[in-house]
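K.L.:
Guided by the hints, dock chain B onto chain A, whose structure is given.
Protein chains: 2
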Amino acid sequence: MSASPGLPLDGLKIVELGHYIAAPFATRLLADLGAEVIKVEPPDGDPVRGWGSQVEGHAVWFSVHGRNKLSVTLDLKNPDDKAKLRQLVGRADALVENFRPGQLERYGLGPAALHAVNPRLVIARISGYGQDGPYRDKPAFGAIGEAMGGLRHLTANPGQSALPPPRCGVSISDDLAGMYAAMGLVAACWGIKGNPEAKGRVIDVDLVGSVFSLMEGMLPEYGLFGWVRQPQGAAIKTAAPTNTYLCADGKWLCIAGNSDLIFRRLMAAIGRPELAGEPRFVNNAARCENVAELDAAITAWTVTQQAAEAEAVLDAAEVPCSRLFDMKDCVEDPHFQARDLVMEVADPLLGKVLHPAAPFRFDGVPPRDMVRWTGPAAGAHNAHVFTELLKEATP
Amino acid sequence: MSASPGLPLDGLKIVELGHYIAAPFATRLLADLGAEVIKVEPPDGDPVRGWGSQVEGHAVWFSVHGRNKLSVTLDLKNPDDKAKLRQLVGRADALVENFRPGQLERYGLGPAALHAVNPRLVIARISGYGQDGPYRDKPAFGAIGEAMGGLRHLTANPGQSALPPPRCGVSISDDLAGMYAAMGLVAACWGIKGNPEAKGRVIDVDLVGSVFSLMEGMLPEYGLFGWVRQPQGAAIKTAAPTNTYLCADGKWLCIAGNSDLIFRRLMAAIGRPELAGEPRFVNNAARCENVAELDAAITAWTVTQQAAEAEAVLDAAEVPCSRLFDMKDCVEDPHFQARDLVMEVADPLLGKVLHPAAPFRFDGVPPRDMVRWTGPAAGAHNAHVFTELLKEATP
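These protein sequence lines are chains A and B, in that order.
Under my numbering, the letters of the first sequence match residues 1 to 395, in that order.
Under my numbering, the letters of the second sequence match residues 1 to 395, in that order.
Next comes chain A alone, as it looks inside the complex (with noise of 0.2 angstroms):
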C-alpha cells in the first residue's frame, strides 16, 4: 500500500476534508501524483456515495474518484475524533477542504486551530464564492459556477430563445476549482520544502473566480472597448470554415479546416477545389465574410456520409476533424487503447471496472501502475491509518 516508486508526489502526505467533487477531485488528482492521501469521511461516508449507480451499495464513480486515497471515518462533533484528526494533521504536509466558509471554524479547526498543532501545514480551502466578499455565504453549487463564472452565457446557439444554453454536461466548475486548489497546494509545498523557516500557507480557491479565469481576451476587450462576448455556437466568428456538421446517420463531425492549407485539402476532399481558388475565400478573413456559404457546401457532403465514413475521409487528407465521442466511441478508438487512456482495474467492491489514465504521465510509470488502489468503502482504512500510521507518527 505504497506509492509507486517513480511518482513525483511520493512522500507528500495530504488530509482531505471534502465532499462531493471539487475537494475531492483535488486529492485524486494529488494521490494519482503519488501523494498519501488521507480522506476523512463522516461515519455515514462522503455523500457523493448516494450519487449515481451502485452496485451492492457501492458508488460506480467513487471506484475512480476515490481511487488511491485512505479512508477514515470520524465525526468531527466528537472530541476524541477531533483530536485523532489533528494527530493526522500533525503529521500531514497538506489539507484540502471544502466545506462552506466558516464551517471548518465552526467545528474549532479553523486555520489557526490547525497551524497550532501543525505551522507547517498547507491548508487549500475550495468554496463556492471565497472566503470572503458579499457572497461568501450564499449556498453554492456548481450550476452556479458555471453561470456567474462566465462559461454559461458562451455556451449557447446563437439566437438561441426556445431553448436554454445547455450545461458543459460535467461538474465544470468544482472540477475547475479542485485542479486549481491541486495546483496551488503542490505550489506552496514547494515553496516550503527544504525551508525550516518557512510557515503554512492558506490558499483560498473558489468555483467562480476558476470559471472566470477562462474568459480568454473577453475581460480586456471589454474593458478597453465596452465589447460584451455573445455565444457563437459550434463556429468561431473569426476562423472559417471551422464548425460542426451534420451526417447521414444523424451525428455530427467537428471539422477544424480555417488555415489556407487545410481548407484547401478539405475542399478538394469534399469534390469541390475549385472553391479553394475563389477570392471570396482566399483567406481566412475572406472566408469568415462568407461563412455561410462555405458551411452549406460542406455540410452539403457530410449529409451524403455517414460521420465515420466522413472523417476517415478527412483524416486521410489531413484535415483536423473529430465525431462528437460518447463513451462508446472513446472505449472503442484504437488511440485512447494504444495510450492506455481507458483501462480496465479490479475492484474489489465492485469487479472488473473500467478507470481513466491519470492526466499526466510520467517518463517510466506506465499509466497502468498510477492506479495503486481502487475507491475504498468508507472507513476501510481505520484500522491502518489509527493504528500503523499514528504509531509510526507519535512513537
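Accuracy of the hints is not assured; some may be wrong.
Copies of the same chain look alike in the list, so a pair counts if it fits in one copy or across any two.
To be verified - DSS-like mimics (lysine-lysine), calculated; alpha carbons at most 27 angstroms apart, straight line: (1) K84 / K251; (2) K328 / K251; (3) K199 / K13; (4) K328 / K138; (5) K138 / K251; (6) K237 / K138; (7) K391 / K84; (8) K237 / K328; (9) K251 / K193; (10) K84 / K237; (11) K82 / K13; (12) K84 / K193; (13) K193 / K13; (14) K328 / K352.
These are calculated hints, taken from the structure and not from any lab test.
P.N.:
Chain B alone, transformed into the frame defined by chain A:
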C-alpha cells in the same frame, strides 16, 4: 522585476517554448504563482499575438496571457540562438513546450539533448494526442480535443437536431491541458527539490486525455452496464428542479432548487407553496419523475420577471440561482469587485486594462500584487535575459 515576496514559486525558473494557448496558459499560471518564466518566441513573436483585437499592433488578450513573463526572441534554427537556449535551459528548473510531437527533436532539442545540458530539467510536453499512439502525428486543434475527449457530445440540448451542439465557448481543452501540465510540472519539481540524486523528468499531457479526465462516472458506468451518457441540456437528470429558465427580458436564470428544504423555499417564493406539499413532489426522486410539470410552474413565474428581479427574489429566499453572467455582468458585480476578481492594471502598451485575478489567492498576498507586470512585447527582455541573467548563470 523580481517576484513578489510571499508567492509560493518564487525562485523557480521556467523556460517556455510555447505558442497559442496550452503551454502559454500553463506558464501564465506558474508565473502568477511567482515563478520566473522566460517565454522564448520566434523573431516575429508567438502567433497568438495576432489573435483578437489589437491596439497599435499590440494584442489585447496578450496583456493577460503574457503577464508576469519575460519575453525573449530566438530563431531555433540558428545555431547561435540554439546555444542561447541551451544556456537558458542550463539555469532552469523546468521547460514547457507544445510543439507537435517530434518538432523539438527535429530542432535537436529533444529531452535527451536538453537533459545532456541539464540532467535535472523537468520537461512538460503538451500535445493534442500525446507523445505516442496512432494519432500522435495528426494535426490537433482545441476543438478536436473537446470533441474526442467526450465533452462536445454532452454540451447539447437533448434531441436537438437542427443546431449542432455548441462549443464550450472557450478553448477548454487547451486550458485543461495547460493546467495539468502546470500541476505535473510543479509536482515533479517538488519531487526533485532537495534530493541531489534526483534526475529530471518528462511529462506527457494531451488535450484529449485532459478533457476525458472530467467524464466523472461515465466510463465505469459504460464498462459495467453499457450505458452511454447522453446530453441533458440545461437540466440534470438526477436532480429536480434544477434547470435554466427564461425570463421576461429574454435572459436566462439558472436555479438549483433540488434539495428538499430549498425546494420548499423556492415554491413559496414563486407563489406556489401548495406544490411543495404534494406527494408527487415530496422528494427528489418523485420530483425527477414529474419534472416537466415543475419546470412549467417555475417558468410560468420567471417569464413574468426581469432576470435580475427574479434573482433578487430567490436570493432573499436563499434559493441558489444565478443569471448567466456575461462580461458586463461580471465587471459590474459587487462580489467580483470586492474580491478583486476584476482589476484595473496599467499596461504600458495599452493603457488601463482590466485583468482577472489569479485563480488562487495565498494569505497575505492581495490579487493585485500577483500581477507584477503585463504581457510584454516580443523580445522586450532580450537584453535583460541574455546579458544580466545569463551573466549571473555563467560568471
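K.L.:
Using 27 angstroms as the alpha-carbon threshold, which applies to K193 and K13: within, between, both, or neither?
P.N.:
both (13 angstroms within a copy, 16 angstroms between copies)
K.L.:
At most 27 angstroms between C-alpha atoms: does K391 with K84 qualify within a copy, between copies, both, or neither?
P.N.:
within (12 angstroms within a copy, 53 angstroms between copies)
K.L.:
State whether the alpha carbon distance between K199 and K13 is at most 27 angstroms within one copy, between copies, both, or neither.
P.N.:
So K199 and K13 pass the 27 angstroms test inside a copy (16 angstroms) and across (22 angstroms) alike.
K.L.:
Between the shortest in-copy and the shortest cross-copy C-alpha distance, which are at most 27 angstroms for K84 and K251: within, between, both, or neither?
P.N.:
Neither: 54 angstroms inside a copy, 50 angstroms across copies.
K.L.:
At most 27 angstroms between CA atoms: does that hold for K251 and K193 within a copy, between copies, both, or neither?
P.N.:
Cα proximity of K251 and K193: none, with 52 angstroms in one copy and 50 angstroms across.
K.L.:
With 27 angstroms as the alpha-carbon cut-off, assign the pair K328 and K352 to within, between, both or neither.
P.N.:
within (17 angstroms within a copy, 49 angstroms between copies)
K.L.:
How would you classify K328 and K251 at a CA-CA limit of 27 angstroms: within, between, both, or neither?
P.N.:
So K328 and K251 pass the 27 angstroms test inside one copy only (14 angstroms; across, 36 angstroms).
K.L.:
Since the copies are identical, ignore which copy is meant and state whether K138 and K251 lie within 27 angstroms (CA to CA) inside a copy, between copies, both or neither.
P.N.:
between (41 angstroms within a copy, 22 angstroms between copies)
K.L.:
What label fits K82 with K13 when the C-alpha limit is 27 angstroms: within, between, both, or neither?
P.N.:
within (19 angstroms within a copy, 41 angstroms between copies)
K.L.:
One pair to classify: K237 and K138, alpha carbons no more than 27 angstroms apart. Within, between, both, or neither?
P.N.:
between (36 angstroms within a copy, 24 angstroms between copies)
K.L.:
Are the CA atoms of K84 and K193 at most 27 angstroms apart within a copy, between copies, both, or neither?
P.N.:
Cα proximity of K84 and K193: one copy only (25 angstroms, versus 31 angstroms across).
K.L.:
Checking K237 and K328: alpha-carbon separation at most 27 angstroms within a copy, between copies, both or neither?
P.N.:
This pair counts as between: shortest inter-copy Cα distance 20 angstroms, intra-copy 31 angstroms.
Violated hints, listed in ascending order, are 1, 9 and 10; each of the other numbered hints is respected by the structure.
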